[in-house]
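2 protein chains.
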Amino acid sequence: MNQEEKMMTALRQVIDPEIGKNIVELGMVRDLCLDENGTVSFTLALTTPKCPLKNQISSEARKALLAVEGVKEVLITFGEMSEAEKQALFNQNKPQLPSLAQFNQIGRVIAVMSGKGGVGKSSVSAMLACGLQRQGELVGILDADVTGPSIPKLFGLPPGGLRGNDLGILPSLTKTGIKVVSVNLLLQEEDVPVIWRGPVISGTINQFWNQTIWGRLDTLIVDLPPGTSDATLTVLQSIPLSGVLMVTTPQQLASMVVRKGVRMVQQLNIPIIGLVENMSYFQCPDDGRVFPIFGESHAEEIANLAGAPLLARLPVNPQVSTLCDSGQVEEVNLPEMDKLVKMVTQHVFEVSQN
Amino acid sequence: MNQEEKMMTALRQVIDPEIGKNIVELGMVRDLCLDENGTVSFTLALTTPKCPLKNQISSEARKALLAVEGVKEVLITFGEMSEAEKQALFNQNKPQLPSLAQFNQIGRVIAVMSGKGGVGKSSVSAMLACGLQRQGELVGILDADVTGPSIPKLFGLPPGGLRGNDLGILPSLTKTGIKVVSVNLLLQEEDVPVIWRGPVISGTINQFWNQTIWGRLDTLIVDLPPGTSDATLTVLQSIPLSGVLMVTTPQQLASMVVRKGVRMVQQLNIPIIGLVENMSYFQCPDDGRVFPIFGESHAEEIANLAGAPLLARLPVNPQVSTLCDSGQVEEVNLPEMDKLVKMVTQHVFEVSQN
Numbered sequence: 001m002n003q004e005e006k007m008m009t010a011l012r013q014v015i016d017p018e019i020g021k022n023i024v025e026l027g028m029v030r031d032l033c034l035d036e037n038g039t040v041s042f043t044l045a046l047t048t049p050k051c052p053l054k055n056q057i058s059s060e061a062r063k064a065l066l067a068v069e070g071v072k073e074v075l076i077t078f079g080e081m082s083e084a085e086k087q088a089l090f091n092q093n094k095p096q097l098p099s100l101a102q103f104n105q106i107g108r109v110i111a112v113m114s115g116k117g118g119v120g121k122s123s124v125s126a127m128l129a130c131g132l133q134r135q136g137e138l139v140g141i142l143d144a145d146v147t148g149p150s151i152p153k154l155f156g157l158p159p160g161g162l163r164g165n166d167l168g169i170l171p172s173l174t175k176t177g178i179k180v181v182s183v184n185l186l187l188q189e190e191d192v193p194v195i196w197r198g199p200v201i202s203g204t205i206n207q208f209w210n211q212t213i214w215g216r217l218d219t220l221i222v223d224l225p226p227g228t229s230d231a232t233l234t235v236l237q238s239i240p241l242s243g244v245l246m247v248t249t250p251q252q253l254a255s256m257v258v259r260k261g262v263r264m265v266q267q268l269n270i271p272i273i274g275l276v277e278n279m280s281y282f283q284c285p286d287d288g289r290v291f292p293i294f295g296e297s298h299a300e301e302i303a304n305l306a307g308a309p310l311l312a313r314l315p316v317n318p319q320v321s322t323l324c325d326s327g328q329v330e331e332v333n334l335p336e337m338d339k340l341v342k343m344v345t346q347h348v349f350e351v352s353q354n
Numbered sequence: 355m356n357q358e359e360k361m362m363t364a365l366r367q368v369i370d371p372e373i374g375k376n377i378v379e380l381g382m383v384r385d386l387c388l389d390e391n392g393t394v395s396f397t398l399a400l401t402t403p404k405c406p407l408k409n410q411i412s413s414e415a416r417k418a419l420l421a422v423e424g425v426k427e428v429l430i431t432f433g434e435m436s437e438a439e440k441q442a443l444f445n446q447n448k449p450q451l452p453s454l455a456q457f458n459q460i461g462r463v464i465a466v467m468s469g470k471g472g473v474g475k476s477s478v479s480a481m482l483a484c485g486l487q488r489q490g491e492l493v494g495i496l497d498a499d500v501t502g503p504s505i506p507k508l509f510g511l512p513p514g515g516l517r518g519n520d521l522g523i524l525p526s527l528t529k530t531g532i533k534v535v536s537v538n539l540l541l542q543e544e545d546v547p548v549i550w551r552g553p554v555i556s557g558t559i560n561q562f563w564n565q566t567i568w569g570r571l572d573t574l575i576v577d578l579p580p581g582t583s584d585a586t587l588t589v590l591q592s593i594p595l596s597g598v599l600m601v602t603t604p605q606q607l608a609s610m611v612v613r614k615g616v617r618m619v620q621q622l623n624i625p626i627i628g629l630v631e632n633m634s635y636f637q638c639p640d641d642g643r644v645f646p647i648f649g650e651s652h653a654e655e656i657a658n659l660a661g662a663p664l665l666a667r668l669p670v671n672p673q674v675s676t677l678c679d680s681g682q683v684e685e686v687n688l689p690e691m692d693k694l695v696k697m698v699t700q701h702v703f704e705v706s707q708n
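As given, the protein sequences belong to chains A and B, one line each in that order.
Position one of the first sequence corresponds to residue 1 (the numbering used here), numbered consecutively onward.
Position one of the second sequence corresponds to residue 355 (the numbering used here), numbered consecutively onward.
Hints are not guaranteed to be accurate.
[To be verified] Just some of the chain B residues that point at chain A, by a computed CB distance under 10 Å:
{"no.": "1", "residue": "Lys475"}
{"no.": "2", "residue": "Val548"}
{"no.": "3", "residue": "Gly552"}
{"no.": "4", "residue": "Val612"}
{"no.": "5", "residue": "Met618"}
{"no.": "6", "residue": "Gln621"}
{"no.": "7", "residue": "Pro625"}
{"no.": "8", "residue": "Thr676"}
Hints were generated in silico from the structure; no laboratory data involved.
Computed from a predicted model, the values in this text were never measured in an experiment.
Just so it is clear, CB atoms sit at the ideal spot from N, CA and C, and this is done for glycine as well.
All chains should be modelled from the sequences, with the hints used to inform the complete structure.
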């Protein structure tokens with residue numbers, strides 16, 4: 001082992017406590033150099049110059065180097081990683097695929113989110129799943145709305161249908177073969193309330209993610225609950241999302257809360273693949289006239305804030321409501337959805353090629 | 355002190371660990387009797403025969419009695435409190451009024467809940483507040499939807515309007531004088547996301563309840579978020595509610611989740627004062643025709659489950675949406691609401707007279 005290798009080995013003992021990996025592996029050690037007087041100099045490239053752990057890391061590095069034979073003094077210059085390096089580091093430390101990796105091969109994971117309740121996240125999730133499946137994809141839905149799960153009812157899946165084995169949870173199958181995991185599939189009656197505080201909610205979602213035998217899926221759709229608290233935070237932080245699809249309605253009240261959702265996703269550095277405006281208008285079934293029953297659209301504004309395209313404006317359609325209510329969402333075939341399905345597919349591929 | 359008084363004093367040392375009061379005060383000691391041989395016998399009336407603390411309480415009672423001069427043996431018979439006694443006990447141990455009691459005099463507290471998101475809890479809360487206020491009541495609104503607060507926007511209250519002093523939080527005042535406390539009144543911009551986990555959410559709601567200088571109010575309305583997790587549980591457990599008003603929409607999907615809400619409220623023994631069905635139908639502004647745009651009503655079913663009356667069916671009304679969106683909910687005057695306001699008032703009085 002030459003002198004430089006000895007010093008690098010010493011520096012591998014220094015762990016960035018925030019990331020949990022050593023500073024050599026993290027690429028933080030640069031321009032290491034030992035002069036004839038036994039003085040080592042190197043640049044410690046931090047993720048941010050204000051790193052609160054700067055002193056701790058540098059003092060440990062100094063100590064480790066001074067223990068190497070021939071090193072008498074250590075000079076550390078502080079540097080900062082480039083944006084690209086930080087991005088690479090961030091990706092390295094991204095949430096991981098489930099540990100059932102030998103069984104699960106999941107192409108992309110899309111979260112359907114809003115921030116606001118009752119805007120139709122679940123029906124958009126379900127219709128998107130059906131659309132992707134009609135294009136020949138293998139599709140699953142993880143229902144992350146633990147206290148208000150709607151996915152099983154949309155597909156007519158009865159309560160209590162979830163099975164498990166030693167390996168994990170076996171999803172329920174819809175009529176057309178979409179795999180579904182939801183708390184309501186664990187209950188004996190669909191209207192039993194799930195009165196759980198945040199940590200249990202988060203635990204359940206993590207379990208659905210880590211312990212479900214999904215098998216091979218082209219797309220897994222994660223249907224989020226309203227709000228920006230435990231469930232949403234857990235999904236955005238623990239599941240390696242390809243992107244988020246935001247759902248809104250025309251009301252300003254809704255759009256304000258959806259903007260909160262958009263800003264949360266942006267803060268967590270997750271790509272927003274597009275926006276869907278639901279309940280955009282009501283079209284009279286008799287004479288075809290269009291009524292903006294919930295007011296004028298604010299979708300373009302939100303799309304601008306999100307820096308993502310408005311992918312669809314869906315009407316209020318009593319026939320769709322009836323099919324959804326009777327568990328026949330797989331029969332729904334809105335032309336507005338077809339377009340969305342194609343655009344989402346394309347867009348997600350772009351994201352995953354980045 | 356006679357012998358019986360001595361024994362009762364001894365028994366006052368025995369605390370029911372669950373309730374935190376002594377068993378004499380709780381009325382659990384019955385038919386206390388000392389015979390000539392020094393044998394004390396009494397009935398220990400428990401809240402439930404399966405009380406897990408049965409052995410602990412009885413062994414402590416035995417010990418306490420044996421320490422009294424003249425007591426040689428203790429015979430304990432286990433009994434159960436009557437329903438009425440338990441109810442009285444439960445009421446004694448109900449959540450308390452805020453500690454700012456010298457300033458706050460609150461007539462009744464009504465929670466507006468659904469379980470489901472986006473059914474119009476906030477607009478029903480706001481319209482109810484306005485209706486009560488028009489009848490001459492002093493009204494406040496506690497916005498318990500921490501991650502998706504809508505109340506300030508409905509009343510056109512700008513972000514950052516909440517003030518405080520040494521005593522507590524001073525609510526914002528709407529144009530007509532309704533007092534409002536909401537997380538969005540603390541933020542500098544209305545669309546900043548509040549990314550908090552459950553315990554912080556619960557802490558915020560408790561603070562809004564305990565540390566707000568409400569002054570005298572005839573009615574305080576608590577606007578709940580969707581779900582049956584932290585925020586809802588905190589409100590139902592920590593605030594002494596006169597009753598809960600449930601809000602639903604015609605969709606079966608919504609009604610399933612609302613039924614979960616109803617069952618949660620029932621499990622917590624809180625009276626449900628009634629049900630409001632929102633977005634019941636759309637009436638064409640041109641020809642007055644009525645369209646059941648979200649399907650047929652399931653409100654009667656839910657009202658039956660809740661054992662409470664259906665108090666109103668509210669239409670989708672673009673004019674109301676527009677007023678709500680522009681912060682002018684106080685200008686809304688739906689005749690359907692007037693009826694609700696009166697019925698709620700009457701009903702709550704009945705509840706509080708029980």
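Outcome of the hint check:
Interface restraint check for B:Lys475: the shortest CB-CB distance to chain A comes to about 9 Å, inside 10 Å, so the restraint holds. Interface restraint check: B:Val548 against chain A, minimum CB-CB distance 6 Å, threshold 10 Å, status holds. Here the hint on B:Gly552 is kept, as its CB sits about 3 Å from the closest CB of chain A, short of 10 Å. The closest approach between the C-beta of B:Val612 and any C-beta of chain A is roughly 9 Å, which is under the 10 Å cut-off, so the hint is satisfied.
For B:Met618, the suggested interface contact is upheld, since its CB lies about 4 Å from the closest CB of chain A, less than 10 Å. Below 10 Å, beta-carbon pairs count as interface contacts, and B:Gln621 has one with chain A at about 7 Å; its hint therefore holds. Among the interface hints, the one on B:Pro625 is violated; its C-beta lies about 17 Å from the nearest C-beta in chain A, farther than the 10 Å criterion. For B:Thr676, the interface hint holds, the least distance from its beta-carbon to any beta-carbon of chain A being 6 Å, beneath 10 Å.
The structure does not agree with numbered hint 7 stated previously, though it agrees with all others.
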